[in-house]
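Protein sequences appear in the order of chains U and B.
Here the first sequence stands for residues 55 to 377, numbered as in our numbering.
Here the second sequence stands for residues 55 to 377, numbered as in our numbering.
In short, the hints are calculated from the structure, not lab data.
Computed from a prediction, not measured in an experiment: that's the story for all the values here.
Treat the hints with care, as some may be off.
[Unchecked claim] Just so you have them, the derived chain U footprint on chain B, three or more residues with Cβ under 8 angstroms:
#1 215-226
#2 232-246
#3 358-370
[Unchecked claim] Here's a subset of chain U near chain B, in silico, CB distances under 8 angstroms, partners left out:
#4 T71
#5 N206
#6 I210
#7 G212
#8 A217
#9 H222
#10 T223
#11 S234
#12 M305
#13 P316
#14 I319
#15 N334
Beta carbons are placed, not taken as given, at the ideal position from N, Cα and C, and that holds for glycine.
2 protein chains.
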Amino acid sequence: MSAGSQQLALGIDIGGTNTVFGIVDHRGDILYRGAISTKKHERIEDYIDELYEAIAPAVKDAGGIDKIKGIGVGAPNGNYYTGTIDYAPNLRWNGVIPLANLMKEKFGVPAALTNDANAAAVGEMTYGAAKGMKDFIVITLGTGVGSGIVANGQLIYGHDGFAGELGHTIVVAGGRKHYSTGAHGSVEAYASATGVRFTALEMLEKHADKPSLLRNYEQDKIDSRVVYDCAMQGDEIANEVYRFTGEILGMALANFIMFSSPEAIILFGGLCKAGDLLLNPTREHMEANLLPIFKNKVKLIFSELKESDAAILGASALVWEMK
Amino acid sequence: MSAGSQQLALGIDIGGTNTVFGIVDHRGDILYRGAISTKKHERIEDYIDELYEAIAPAVKDAGGIDKIKGIGVGAPNGNYYTGTIDYAPNLRWNGVIPLANLMKEKFGVPAALTNDANAAAVGEMTYGAAKGMKDFIVITLGTGVGSGIVANGQLIYGHDGFAGELGHTIVVAGGRKHYSTGAHGSVEAYASATGVRFTALEMLEKHADKPSLLRNYEQDKIDSRVVYDCAMQGDEIANEVYRFTGEILGMALANFIMFSSPEAIILFGGLCKAGDLLLNPTREHMEANLLPIFKNKVKLIFSELKESDAAILGASALVWEMK
């Protein structure tokens, strides 16, 4: 490592609602952390000004900007090659935003940008469950399904920086229509928090004569957490929702394995709170759909990073990859 | 390039029936070529002895073994990491065959081994349509469906050497049962020569009251070539067979693009003889299933390598990759 061990990284995760940041050392310890709203400013320049003001005291405390090797940013639709955020549907700034350049100009240190799932993969490789692995895939299971793919020890960005949209791959030809993309049968339409909710509503309607704890909730209150709670109380339909979700997710993971033959698949994000309720059927259907040469050798594990820290750690890890 | 320009590569492709070989220069010109039967010998040692005897005169003509930088071999279930052929169902030799080592001992030069689809990808990168590309996928459409994936300028082998089994990924959950793996709805069950035949038989049965030129053939004579010929004569069912094949293949290619975002997908193999009849519906459904950020930017092209030469070229190209 050419960087001195005293050098620090600034990790920033831009979410649809909040932006979180932290100053991180090589061991993955977060020395300072903070947050601002992502939604407050219409102009990207005003947002960056506020971000700078929020971070400046922490940088000063850490010994000044000379201690910061660079800035790593995770953002929806973040493009590693161009350093731009391209047409992110959940952010206020339209079109192509040259975020890495704006950050570099404002802070005076190098900046790298990628999407949040890719940042998560670099974070797992640097500080987490994928330490020492050269081939693995991180799947983020939240409102949507994201992914970061590492092969030969490198993140796969593709020719244009957009590789790794595994949530939008099709597993059920002609299947459920995605509420936003319009695609039929994509992984995200089933194996996301949103998908779990839709599956629950479908099953309640399909088995209208079957009692279920889920019927105690108004329809718009039924989410992946409520389904989990009911399943834990032994509710049959709620359990079937997670079993079905695992069936689709497992089939999708088998596809991903037959693509890049990873040593491990690391699951991350809100839906992972379901634990074995999701993991067991997922593993079963993953194995069932694999060619014999792939069976019983891919680790399917949850991330070891604390969810509250992972976004900052992942973004900061981009800095250690800088040439 | 550290190798002198006078250095040559020996490329060997082991097929289920025949083994073809050639001595190739850096430009991809095949100076000598030949073939032996793959099936004749029960013992791998006897097979290698015959192969050596067949190749020796060509090596002598080329200036002796000192001119040969190494041997590249493409073989079913060939594992790049271990140099072994592992449990290949279509070869006489059972279990794990240490082919690279056996070749190295016999010929006295380094030997590298991979599966035929990976060899095809290295061949396209070295001599063919993928020259200069760092991110592309080769799909071989023959009796089965194989694939070789290049990302960041490197072939993706995965943690165990078996990456790139895209033909076995599932696109139609619960779909057609694969005649050999038993999987339901895998790409190979539809988008292979075998798949085209099954689709034709299914459609003839489904539309039993509809006239078709295909009905002039006995069932076991209907293959992808016959379907093509009938389609070219305007037969409606035969055309529908290729349209449907393209629909499934296009959906699968969209999945592959959302995985590694390649600059191009290069199609290769017997089914490509169908030309636009296959290419047009494939491209249409590929584009239709892509997220907007991927649309209209991935080249879908046929290989430029002569089919008779491609296997030798692909295998030989492994030699230039040797350290």
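Cross-check of the supplied hints:
no.: 1; hint: 215-226; in the structure: holds (count 11)
no.: 2; hint: 232-246; in the structure: holds (count 3)
no.: 3; hint: 358-370; in the structure: violated (count 0)
no.: 4; hint: T71; in the structure: violated (23 angstroms)
no.: 5; hint: N206; in the structure: holds (5 angstroms)
no.: 6; hint: I210; in the structure: holds (5 angstroms)
no.: 7; hint: G212; in the structure: holds (2 angstroms)
no.: 8; hint: A217; in the structure: holds (4 angstroms)
no.: 9; hint: H222; in the structure: holds (5 angstroms)
no.: 10; hint: T223; in the structure: holds (4 angstroms)
no.: 11; hint: S234; in the structure: violated (10 angstroms)
no.: 12; hint: M305; in the structure: holds (6 angstroms)
no.: 13; hint: P316; in the structure: holds (6 angstroms)
no.: 14; hint: I319; in the structure: violated (12 angstroms)
no.: 15; hint: N334; in the structure: violated (19 angstroms)
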